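Q: So the protein sequences, as listed, match chains C and E. First residue of the first sequence? That's 1 in the working numbering, and the numbers climb one at a time after it. First residue of the second sequence? That's 411 in the working numbering, and the numbers climb one at a time after it.
In case anyone wonders, no lab produced these hints; they're calculated from the structure. Don't take every hint at face value.
[Unchecked claim] Below, simulated EDC-like cross-link-like pairs (lysine to aspartate or glutamate); rule was C-alpha separation at most 20 Å, straight line:
(1) E:Lys-582 - C:Glu-294
(2) C:Lys-143 - E:Asp-496
(3) C:Lys-364 - C:Asp-65
(4) E:Lys-769 - C:Asp-193
(5) E:Lys-582 - C:Asp-271
(6) E:Lys-698 - C:Asp-123
(7) E:Lys-892 - C:Asp-195
(8) E:Lys-892 - C:Asp-271
(9) E:Lys-581 - C:Asp-271
Given the structure is predicted, the values throughout are model-derived calculations rather than measurements.
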Amino acid sequence: MLSRRFFLKSAGVAAASFGAVPSFLLRTAYAQNPAGASGKDRPILIAIFQRGAADGISMVVPFGDPNYAVLRPQIGIPSPQQGSAETALDLDGFFGLHPALGSLKPIYDSGHLAMVHAVGSPDNSRSHFDAQDYMESGAPGNKSISDGWLNRYMQADPRAKGTSPFRAIALSSNMPRSLLGVAPALAMTKIQDFDVRGNGRGGSSGDLYAAFESMWHNETFDAIKMLKDANPTRFQPENGAVYPNQPFSQSLQQIAQIIKADVGLEVAFADLSGWDTHANQGAATGQLSQRLREFGDGISALYRDLGDRMRNVVVLTMTEFGRAMKQNGSGGTDHGHASALFVAGGPIKGGKVYGKWPGLAQDKLFEGRDLALTTDFRDVFSEILTKHLHTADVSKIFPGYKPGQTLGIL
Amino acid sequence: MRSILLLLLVLPVVSASSAPRELTEEQKATHALNRLGYGPRPGDVARVESMGIREYIEQQLHPEQIGDNATDSRLAMFPSIHMNADELLERYPQPQQAARQAGLQKAKAGDNLKADRAQLQNAMQQNGQQRPQLLLQELESQRIIRAVYSERQLQEVMTGFWFNHFNVDWKKGQDKWFTTEYEMNAIRPHVMGKFKDLLMATAKSPAMLFYLDNHLSSAPNTNTSLNAAAAARRVNPKNPLAPLIQARTAAAANVNKGKARNPGINENYGRELMELHTMGVDGGYTQKDVQEVARSFTGWTIDQPRQSAEFIFRPAMHDRGEKVVLGHTIRAGGGIEDGEQVIDILAHHPSTARFISTKLVRYFVSDNPPQSLIDKVAATYMKTDGDIREMLRTIFYSEEFMSPDAYQEKSKSALEYVASAIRAVNGETNGGPRLAQLLGKMGQPLYQYVAPTGFPDRADYWISDGSLVERINFAVNLTLNKIPDTRVQLTTFRDPNSAALYLGSPEFQKR
């Protein structure tokens, strides 16, 4: 049931900022993702990994915390100032969005983007590689789990059998840990390159294709055929969406094309690296801001492009940990603990920063240096699995996890 | 994806159970050529069989005794690989810098950009300068050429292994000019020497100092503007660009003064040094150790990173206080020897012996490295003071290495696949840029892995649907002579199709 706030914000602010409002935002009697929905109503999750540990307090700036400016004298984002492009964008009087994420602000204002702050893994590893692994396996501290949480979601779903090879796809040259496992998933960087040479050109090359197909007899070849028929690259960005010409945005554009092609997609994955800002990370401008712009502009283009179809799409971002609260000696930040994440889409009760704020006073910091954790990332992931993807039992997906708080994001 | 992994992971295990307990001589020779090198060329298996596998292994363990003139002459077309950072910075400058040198104005909006670019290109040509992107191309080409043609195959394999272990990303800032020297001077000379020498060479390399930010790490009380001013004074007056550099460094010093950047340690190198280079993430160090190691390396920096780029120890940046690293006290008042002592502690740590041995056994034997062999290799490490050649000997002469369980167990990386395919069909290549581009599409953009882990060494990383399609297409294009700068002679195949099917088969993805 959509709240009154949802409706008002959608109708008002979104119309102001977008010009055109996706029609689903205006529907009052819209029922969210009925379980067992198929075809165009099938719920879709797009997971985005920010590899390298993104600085949570630069993305979602706690300008209302008096210690923030003290900890970040040179690389802090200034408090919101009307009309300035170099200050935080006020979200709720306490938190602000990094100005380079400005393109996400209208989605927040329309009530379809929420943030969770002080979120992360209860395991306190400051190793990128362990922490990414734990977040993607969905089992912090447990190195014996070989498959990924998204793959286990697919294993657990009874709709798994006989479904499309496009049920899960990673826009990546390798299969990310999140999707590794026995349930079929695809990984590729460019859908237009995903074709075997000589395919369907007759003569000896056709024979060669058939020979390769029988040699490998796997669903890669099913996927090639299906992709050829569906031809997703024919879908141009809609609603005036402009994807930046950068690999991350190109991945998102291809995800949108696969969604529009209706080939049975449920889970998509994309990642973006370059968040390991140990030196010269910059503030409102500079190194980190460039990365944030790429990230925010990509997601907002996807949101705009999908328009009405966002009604059953949830975008979930994650990063392995946050960064130390105090800037270091090289204008950057070393490895920390909790960070922030974003969730967007029709089913999201957005326009709000979720999670308990632990505070930045010295005695509130984790080990005296990092943002303390108040939300286990699995609390957020579980809520999306349960309410959006209708997973019956999250304990199978997050082994050893005891469901904690429900934030009410959906 | 599931069936790819079934084919690649499960089949060998299934066949191993019904296979004889020992490899045939032909299999042993194939195995040695696949693991110590980039796969057999036509005739290689018979050659190794007849010379004796032990003899082949011993030969490969002593690359300095193998003549390789033919490869050296192939490398003559890549002049940059023998230049130091100083020359590279001068001859392959950042375009903006070249424009400044040539006295060209920065293009403004509305200007004729095309004309400006042509003007800059002319100016660079007249000054004998080229774009830095060419440095990457030459690095990639030389690595591919050496993988395909070098007679010192094991040395090439080890170069790939150690570069990946001590990974740096060519794309990160000044590393565009530092990576060439890094491979040639820090990695290559030590690939079969003592691990500690390799570790020290990387620790003091501008490429690593820049990549993991240690060049900026300083004691909290350092005056950075004084350092920059001192640097400006140190510019070699004979350098024709001296006035320009002096002016710019002095300006930087002023900027720093204005910003009053709070100096202090940078933990990046200290952490990865223990996690990735030596002890491993479970090796038994704490966050406190990370900070203490970082303090020990303060002052290990780069002299004039935009000009001559050499390692330098700056006492003014160094934290002279006492440190305790992994229980060892490093006395107050030290200088460069603090970091050197840390290298020594780490190089002699049993966790390092275990971690390095595990990685070597995983690379040479199996994605699931047998513990029995890891223990033996770690014992060799401890006994020989980390002698890499001796560790390799322990691996190559072990039962675990020459076993049916290990045979064809590893999946080839993209470079291993491409190089072995060209070798298998007697290919003639000049290592042109198209090959490196294809490696990128197969998931291995050489010299450009962003994270310090380097490329993962696991079948599930290398074989995905997308990379499989790229590999099959490569097999087809290669055998039809449709890869630019690469020509094949299909002497051992009936026709291009049968060669393509062989190179694109599940078996050929394995080594």
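Q: Against each hint, give a clear statement of whether it holds in the structure.
A: Now the hints, each set against the structure:
1. E:Lys-582 - C:Glu-294: holds (18 Å)
2. C:Lys-143 - E:Asp-496: violated (45 Å)
3. C:Lys-364 - C:Asp-65: Cα-Cα ~12 Å, so holds.
4. E:Lys-769 - C:Asp-193: With Cα atoms ~34 Å apart, E:Lys-769 and C:Asp-193 exceed 20 Å; violated.
5. E:Lys-582 - C:Asp-271: Within the cut-off at roughly 19 Å; holds.
6. E:Lys-698 - C:Asp-123: holds (17 Å)
7. E:Lys-892 - C:Asp-195: Distance ~17 Å between E:Lys-892 and C:Asp-195 Cα, so the pair holds.
8. E:Lys-892 - C:Asp-271: Given that 20 Å is the threshold and the Cα spacing comes to 33 Å, the pair is violated.
9. E:Lys-581 - C:Asp-271: OK: E:Lys-581 and C:Asp-271 at ~18 Å, within 20 Å.
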